[in-house]
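Undergrad: Here is how the chains run, residue by residue.
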Amino acid sequence: MSENHQHLTNEQVKDIDENIAWAKINNDVLNSMKNPRKGYWVALVLSALLFGVMIYAEVYQYRNGMGETLLNTSHMWDLYISSFVFWIGMSHSGTLLSAILHLVHADWRKPIYRFAEAMTTFSLLTAGLFPVIHLGRVWNFYWVMPYMSDRGIWPNFRSPLIWDAFAITSYLTSSVLFLYIGMIPDLAICRDNTTGWRKTLYTFLSLGWRGDDRQWRHFRFTYLMIACFLIPLAVSVHSIVSMDFAMAIMPGWHVTTFPPYFVAGALYSGCAAIITLFVLLRYFFKFEEYMTMPILDKVCKLTFVIAMVWTYLNLIEFSAVWYGHDIPSKEVLIAKATGPYSIFFWGMMFFGSVLPFSLLSKAVRRNMKIMFFISIFLNVGMFLERWMIVTPTLSMGYHPQGFNVMWPGWVEWAMVGGSFGWFGLLFLVFVKVFPCVSMYEVKEMVYHRKRTTYADVDEMMELHSGVPGPEAQTQQSGGA
Amino acid sequence: MPSLLGNVFKGWSDYSKGIEQGGNQKYEHMFSMSIDLDKCTGCNACSTACYAENNLAWVGEYKFASRQSMHWMRIERYFDEPDVGSSDPESLDRGASFLPMMCQQCNAAPCEPVCPVAATYHTVDALNAQVYNRCIGSRYCANNCPFRVRYFNFYDNAPTAWPAPMDQGLNPDLSVRSKGVMEKCTFCIQRIRGANETAKREGRELKDGDIVTACQQTCPTSAIVFGDLLDKTSEISKIWKRQQVKLGTYKQEKENKDLRGYRIFEELNIEPKVLYLERVREV
Amino acid sequence: MSKTKIDRRNFLKVLGLGSAGAALAGCDMPSYVTSDEGKENIYSYLAPEEYVIPGIGVWYASTCQQCPASCGVHGRVREGRVLKLEGNPDASVNKGKICQMGQAAIQGHFHPERIENPLINGQKATWDEALALVAKKSGGAAWLTGAMSGHQRVLIDAHRTAGGNARHYAVEVVNARPWEDASLATLGDANPNLHIDKARAVLAVGADFLGTWGNPVKSMRDYGNFRSAPRGVLMSIEPAMSMTGANSDIWVTARPGSEAAVLMGVGHILTTKHGVSVADMPSAALAFADMTPTKVLGLSDVKEEQLAKIADTLMANSPSLILANANHDTAKVAQVLNMMLGNVGQTLTPSAAITAEALLPVTGSSKDLVEFAMDAKAGKISSVFISGTNPVFLAPSKLDMAGALAKVGFKVAIADFHDETTTACDVVLPASSALEAWGTHVPVDGSDAGEVYIQQPLMENVHANTRGLGDILLAVAKGAGVDGLAEFEDYYGYLRTAVSALIGSDLEGDWNSILQKGKAVTAVNHSNFNAGGDVALGFSEPAAKAGTLTLITSARQGLFDGRHANLPWLQEAPDQISKAVWDSWAEIHPKTAAKIGAKDGDYITITSANGSITTRVFIYKGIHQDAISVPMGRGHTNYGLYAKNGVNPLSLLDASSGDRQTTELLNSGVSVTVKPTGDNRHLVRLMDVDSQHGRKLAATITADQFDRNQGGA
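Residue numbers (my numbering), protein chains in the order written: chain V, 1 to 480; chain G, 481 to 763; chain A, 764 to 1476.
In short, the hints are calculated from the structure, not lab data.
Careful, some of the hints might be misleading.
Below, simulated DSS-like cross-link-like pairs (lysine-lysine); rule was C-alpha separation at most 30 Å, straight line [stated by the list, open to error]:
#1 A:Lys858 to G:Lys721
#2 V:Lys330 to A:Lys1459
#3 G:Lys680 to A:Lys1280
#4 A:Lys1161 to A:Lys1438
#5 V:Lys330 to G:Lys680
#6 A:Lys961 to G:Lys721
#7 A:Lys1459 to G:Lys712
#8 A:Lys858 to G:Lys718
#9 G:Lys687 to A:Lys1280
#10 V:Lys432 to V:Lys286
#11 G:Lys737 to A:Lys1072
#12 G:Lys737 to A:Lys961
#13 A:Lys1072 to A:Lys1170
Chain V side only, calculated, beta carbon under 7 Å to chain G, not exhaustive [as the list claims (entries may be wrong)]:
#14 Arg63
#15 Gly65
#16 Asn72
#17 Met76
#18 Asn156
#19 Ala248
#20 Gly402
For each residue, glycine too, the CB sits at the ideal point set by N, CA and C.
Bound-form chain V, shown alone:
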């Protein structure tokens, strides 16, 4: 019996209220797809404009040459590749939430994994723009695909960039499949509750889902199989992307810890992005009942753990270089910390390793506004990390002739900004056409929570509020 007890509400303790009616869930989610407010259209137009800037920059670059990006003989890669890695990283959020947490039966993921999966798919679509954009001869990009050309020439399978192409294509295909399959019951609900073009669309997409027992059994099995398949794929995708650097011989790139480091960074930025979108969707669509505080709490804790893993891998990379004999690598490390890019390096360290400690505070975790900004800054830190991987190594290297400091020009910034526009465009369209909260899964969660007692929750409830726990209540009211 503590004297300083807080009066905790249900909302603050439970992941979800078990008494939500099915119809309410349906209505809340279906309403979120209707009647876009003015703000929505503004956001859509802005995203489209941003994307238009990207198109303009690409046409400009296409016509005048890659030199307009201010890339040069030393810095052959810059923001395009950083953004590419960044967007691939963001894509791991969905996989983490939908697939990994599914396997460990963490059902608190159920209200939030749908938009996370969507984010995965759209991040991949955005990331896929960059390997094409950064090519000198963009119009020949399809040569990286293994097809029967009449020249009899295949791509070079030894190149990490080809592995990228395969990995991302497989991952994108699998993610789209996973997203779609997981949505089928929801699409059926939408089909049954809408009219007009939507009904036609959902009828087509829901593949005749009737919701009978056989279908559910097949569905559950398929879903599980794809989840199992997707997890190693996700890990391998970002490991392969890391090999773009790890397989190079450049100092600062040729690091064996890059695959786990990149995967950790990907999960990190994915989680941060989930938090951002969580706050936004909860606010705009009034999903307080589904995207609850305890769920956010859990996501924040997860983010913190991943941040620590990332920090650890970062620090061992530095120590390996520091205590090693590879002088050029050491020079790159010192240049990162003290050279012309040092402000961004320390920014990365601060946003990536110091800022997550704010997540230890419950007050912070439960404050929507603060979490929104913190999650954005965490992602800024991760973007800086990607840039810190690419640029300082290229500004130095083995040969002093190559030492050169380069800052990106407007063309690169236009492309990077435009990619956010493209992502925004896709996501905004998604939330109005498809249910961004998984209705059937939320129903499952409510159902299971009702049927399950959490002894520790009961104890906490009794302890702090003097209100008898649910079991007692159930016994009182004689069943739900």
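Go by the hints and put chains G and A onto chain V.
TA: Same frame as chain V, but now just chains G and A:
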């Protein structure tokens, strides 16, 4: 099935033998170079000859400042003298060191495996070839080159570099590269192919001295020697042998410490094929 | 042999661009390649000329005219277009090698800014009109040319003689006049043969023999042998690092103008410490005795250990060779030392000149530039022909060359590019480039071989209405009534006759072999050095005004004296020392920079009594703290699209304070004040690092570690 396994083992044994002999192919020739830094005066004749021979575009001051120039052969000039005692810290009393640097045609080139479309590969003459037609411009190869000798066509430099009638002076033996394509020193492959054809036409083998690269031909001090390492009678293989530098290893064991031959960045295990002879300074 | 039909010309008829279009293999076939935008024409050779095999290059011999050295070249001709120059292996001066200026000759040949038609007062005219006007108004004309030799000189001399013996001014600001005058005074031979390859030690005092002195290609060839086993030692004494200095084992920086004193200091140590005999030159002995190391230190900042090191090296490595071009005094000391050390006869041998003296080179000086301006201002020159030089650009502003030219009644320029001088001339006759004209040249540093190099067209004219220099000279000479030329239709015919007379044979069989080899060999006169005798040595104390620096205008192999500033390859070829491209710079020592408060990339204004220039600094330790060195070559005001950047240090020079004996401008010690302007922009260089950062890139070993007789390569 048996032949598949057999191929695997044969391939492995070829590969491991090739590593010892510097390369994993059966080479018909192994073109390499030696540059005597004691003779090189840093005059730039080789660099300009390369521009003339290989249709290199000059880019002008702005693009040069942005480091988007195309000098396949560049002469680097250093002022520090780490091993040679300089007696006056306020002066450069040991002169300067000049280093002609171009593609080292590494036998284990780090640029080759990373090209997504196999636009750069190792030929049977042990040259690192760059296929302009195939290059899509991903620039991974340039990132992986420790010497930074790969140059990317960031622009279509041709219209400014060869305004009519300057384009009449273009060498028709090789192409003018458009934007988006990587390029680098090829050891004057057009001259190598031309010499091959001449030899074939005359019904004989290539002999030492048939192929003269543009830089070698114009170097006034004859600091550059070029030839086929697999030809034991060639001058270049004699130089490599005299300098006791072997392919296939980065730990050269020399009996005579005075030998001046060395390769740059050979500790990266990339097997560069340009041998440099150390500059000498009397102190 | 009156009218000669030139059969060779027929096959040189070029269809030009067609084959280029056909042969270009590659990703894109840019439409700019063809003459018409967007149209691509492919011509097939149904009936090619005998010698043309499409796809196979043909090589022709000619002579390079990119600098006064006149190296022999081979031009590679494909389908009637010359594509590349290489050295002519048969030319004994350069033996198959050429420098970057020679390689860039193609760019000048195909340059878009060449003059295509004769101009009278800036208006396009026909050749007949122009030549008629020239014949009418250029009676008694003087000639202002660059260094020249061969039959072109013969025609010029003939024209002058017929017109009353006006003077032939030969202008070269980059020259060896101090060395030539001193060699003539001491050895009796202005241009002794130098055997750098035979020397075991070479000491260069203000003589950039690897870069711009004499024939650098020949010197570099010899240098290559010099460094082969047994390896020779190179030492330099100069105020600012030249290419020769950069390659030296021992580089000594001396106060500008004090080089003579430093060499005398070396002589002092040779006589006192090493006991070298100066018995037959008592004046010299006195001068050496007087020039103690302490005195040297005060005059030049060169320490005794440095002098001793040089002297010891000279003694230990014999035969040696001392070259000096800093000024006349220094060159005289150098020759005296050469005599003392016994180099004369070993590394310095008497020159052999061809017996046909009319063909011998006039080597050019800046003295002639000054005297031309003086004579013009005094009204002594009624008309002038200007060819192969750009006096308006080269002259110091104090000389007021523009004003001097204005006083000349009638000025004719024979040029292939518009420059500052052609715009001041009344008539401009468009010359063909050196790659499309005939000529003969006697190389300056020719060996005893007696060679006269033939310059022959490597292709048909790029522009139909230009004519070769020789053809123009022939037409002008005919128009001035010179006898004996009427039978020659063109310069080719004249040359065939003249060369046959030169080598004393009927040419039919030999002419082709002469053309193939690119040279005719004729008889030489061997001379001997003077018997010896006393040489008075002097030096002038460098004028050191407090708060000022001494300006050095350095010549660079590349843009040379500015004549190649319109060639983009040479503008983009990084300077050997600073690695700067496309713009001028001023070299100063870090201590000097600290004193004036300048850092890398700062613009500074350099002011002399005659004007000022503003350019960026390049700070490095290869220069004396009292000196500032600005390379010449840039700063054109009217030389085309590519020659827009930079400053011209020649404008700051002071003709009256040149070398006291030869009055050569290059060696004048002009005092300048320097002030940063406050602007800063990064100097564009090939590399911004001057250090290898601990990597083994250009590795060096000391001579202790290396057996000089071992060979290495």
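Undergrad: Against each hint, give a clear statement of whether it holds in the structure.
TA: Status of the hints after comparison with the structure:
Between Lys858 (chain A) and Lys721 (chain G) the alpha-carbon distance is near 28 Å, which keeps this suggested pair within the 30 Å criterion. Using a Cα cut-off of 30 Å, the hinted pair Lys330 (chain V) and Lys1459 (chain A) holds, with the two alpha carbons roughly 17 Å apart. The suggested pairing of Lys680 (chain G) with Lys1280 (chain A) holds, with an alpha-carbon distance near 27 Å, which does not exceed 30 Å. Restraint check for Lys1161 (chain A) and Lys1438 (chain A): the C-alpha separation of about 22 Å stays at or below 30 Å, so the hint holds.
Straight-line distance between C-alpha atoms of Lys330 (chain V) and Lys680 (chain G) comes to about 52 Å, which puts the hinted pair past the 30 Å bound. At roughly 28 Å between alpha-carbon atoms, Lys961 (chain A) and Lys721 (chain G) fall within 30 Å of each other, so this suggested pair holds. A distance of roughly 29 Å separates the Cα atoms of Lys1459 (chain A) and Lys712 (chain G); the hinted pair therefore holds under the 30 Å criterion. A threshold of 30 Å between alpha carbons decides the hint, and for Lys858 (chain A) with Lys718 (chain G) the separation of about 24 Å falls inside it, so the pair holds.
Distance restraint check for Lys687 (chain G) and Lys1280 (chain A): the Cα-Cα separation of roughly 24 Å lies within the 30 Å cut-off, and the hinted pair is therefore satisfied. For the suggested pair Lys432 (chain V) and Lys286 (chain V), the alpha carbons sit about 14 Å apart, so the restraint of at most 30 Å is met. Between Lys737 (chain G) and Lys1072 (chain A), the direct Cα distance comes to roughly 27 Å. Compliance with the 30 Å bound is thereby established for this hinted pair. For a cut-off of 30 Å, the pair hint linking Lys737 (chain G) to Lys961 (chain A) stands: about 28 Å separates their Cα positions.
Of the pairs offered as hints, the one joining Lys1072 (chain A) and Lys1170 (chain A) is violated, with about 55 Å between alpha carbons and a cut-off of 30 Å exceeded. Interface restraint check: Arg63 (chain V) against chain G, minimum CB-CB distance 10 Å, threshold 7 Å, status violated. At about 4 Å, the closest approach between the beta carbon of Gly65 (chain V) and any beta carbon in chain G falls short of 7 Å, and the interface hint on this residue holds. Taking 7 Å as the C-beta cut-off, the interface hint given for Asn72 (chain V) holds, the closest approach to chain G being about 4 Å.
About 4 Å separates the beta-carbon of Met76 (chain V) from the nearest beta-carbon of chain G, less than 7 Å, and the hint is met. Given hint, Asn156 (chain V) at the interface with chain G, holds; its Cβ is 4 Å from that chain's nearest Cβ, closer than 7 Å. With a least beta-carbon distance of about 5 Å to chain G, the hint placing Ala248 (chain V) at the interface is held under the 7 Å criterion. Because the beta carbon of Gly402 (chain V) sits about 4 Å from the nearest beta carbon in chain G, less than 7 Å, this interface hint is met.
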